[in-house]
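Asks: In case you want the letters, here they are:
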Amino acid sequence: MTNSIYDQLNASGTVAKQRVVETFSGDALDTDRWSLDVDDGSGNVVAMTDEVDGGVRITTSGSGYDRVVVAFNNKRQYAHTGAELIGVRKVTSSTGNHVNHIGFVDTLGNGFVSGRHFVSAEFHSGVTNYSLQSGDGSAISRISSGVARDTNWHVFKVRTTNPTTGLSVDGALEVTKTSNPPATNMQPAFEELANDGVAYQGQVRYVEAYNT
Amino acid sequence: MAFPSVYEMFTPLTTVRKQHFWEYFSGATLNSRWTETSVVSGAISDSVDGGYSFSCGTGTWNTSAINFNQKRTFSPTTAVAITVAKRTGNGYVINGFNDSNNTWGNSSNEAAISNLYSATYLAGFNADGTTQSQGNLTQAVDTDFHTQKVECGTTATDYSIDNVLGLTRGTNKPIAKMQPIVSAMHYNSGSAPTAHVKYMECYNT
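Sequence lines, in order, name chains A and B.
Residue numbering for the first sequence follows the numbering used here, beginning at 123 and increasing consecutively.
Residue numbering for the second sequence follows the numbering used here, beginning at 4 and increasing consecutively.
If you are wondering where the hints come from, they were derived from the structure by calculation, not from laboratory data.
Hints may contain errors.
Going by beta-carbon spacing under 8 Å, a handful of chain A positions derived as facing chain B [claimed, not checked]:
| id | residue |
| --- | --- |
| 1 | Asn-125 |
| 2 | Ser-126 |
| 3 | Gln-130 |
| 4 | Val-143 |
| 5 | Gly-148 |
| 6 | Asp-152 |
| 7 | Glu-173 |
| 8 | Val-174 |
| 9 | Asp-272 |
| 10 | Lys-279 |
| 11 | Gly-293 |
| 12 | Glu-296 |
Ranges of calculated distance between the beta carbons of each label pair, as one might list FRET restraints [claimed, not checked]:
| id | chain 1 | residue 1 | chain 2 | residue 2 | range |
| --- | --- | --- | --- | --- | --- |
| 13 | B | Ala-143 | A | Ala-150 | 21 to 29 Å |
| 14 | A | Gly-293 | B | Ser-136 | 40 to 48 Å |
| 15 | B | Gly-53 | A | Thr-300 | 36 to 44 Å |
| 16 | A | Leu-158 | B | Thr-17 | 30 to 38 Å |
| 17 | B | Asn-191 | A | Ala-150 | 46 to 54 Å |
Every residue, glycine too, gets a C-beta built ideally from N, C-alpha and C.
The shape of chain B in the complex, shown without the other chains:
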């Protein structure tokens, strides 16, 4: 036995623990901590390592998401999101932090990793409520599960895939409190994307 408590796995009792949660996406249905916004065909998968999957509409830029309904307990400067997710179908699957429930664009605060079917590499998104911008990571786009880590710092956001740092980006970094989010966003043609997620953990440092 290494620890008397889960608390002490991460934090000594002399330190007041900050917001921290983890989600296994295991069970009969999606845990009630999540709000499903415009989700299509959301369900816990009946498959090995399947987690939870959901899609979105097929209209141009149709977007769906699971989120905390704007209970934004995570800091734009000291928060980490770790997500094990993959995309199938066309369009985007995006995971990380967002201050809105289902908006990807200039007007949100965002720090997230996107997997766009037609791109060459996964991308790291920042948005500061006025402007959204992105940069490429080193991981090629595919349809495999990856461990995707977004670390919001005071001057930049770090984006890692499978424990390899792929991008550090300070431009348009978020400036407002945020919530965890996983999104599926239709691009402009073809089938809707499906997001598959089997783990998400977020914490303030």
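Next up, chain A with everything else stripped away, as it sits in the complex:
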């Protein structure tokens, strides 16, 4: 038995790098840590659930295009050259016209889109499988994880080492790609985006991000 969490996570003589662990347990989202970035929506709700294993839930307003990102208010401590993020997430509808991301993004405003540096585990209601998606500040690309999208909880692990980005779902063999890797430092973030005026929900009960 070691006496410290530090020793469980860091080799002897190694200086720990930035790490955050969020369990989304409590009466409200920890807004000392997390910030909200909302685009074109009023009436969105980001709240802890009253549900066994429910974590935090984003509910879009149900009015037009609507996007909510929960992030670190542009405090970008994670390196595009070596960072990983583990997230436990689900969406409550696998159909309709909505998108959910969990991963790293450089700058708030419009979320995980072309023009941003990011790497994420993407749910897209128009794409059969969960995808690894990344952006290099100008273009984006995705590769299928091979795991079909659904409404179940999954553990997603995304990583970036530049130029390689990777994604595993529920510990399965990682898919990787080298196209459009992020090229700047980033923050942890997760997003729910509704395109068709329907109220969609995305839930997260764990996020751990760390530099490697």
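For chain A, the structure is supplied; the task is to place chain B on it using the hints.
Replies: Positioned in the frame of chain A, the structure of chain B alone reads:
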């Protein structure tokens, strides 16, 4: 280095982790994840290993608690609460799970350990929303910190003190989702109790 991530300390990546939190009660103030209900003199202690302490009013059965404001993410059949706590003063200090914010009685769902100043032993409480009942553990009542573990199972609740199982009780076990709770409850006379808590961890299994 044993683990690349905190996640993998407890769960392989092939398993989807369930709700799990831990709280050190360390800092300038109580973490904002907690709701303080009718708390009197709640503060982080300026003492070695002091954690957080709070009291309640001195009226008969006055009760105070820290809780998650009924964000009940823990299962009545598969949840564990580990609390390092102690009582000073008179009355009760209770820790574990409850579906309400500040009610101890027949109408709540509860699984918790109580330390009543006038009792001989610590006690394990169950309540199923209709009836509350309790049984004695083997740990004598005192004013020391103890590691107190409540394990909600499908047929019974297990109660342990300092890693010694003191009671298994199926009667009136909870049947509804619950939240973590630490309570101080005045008995009927004398000084109000003060609850001291320096660690709490809850998880679904």
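Asks: Hint by hint, which ones does this structure get wrong, listed from lowest number up?
Replies: 1, 2, 9, 12, 13, 15, 17
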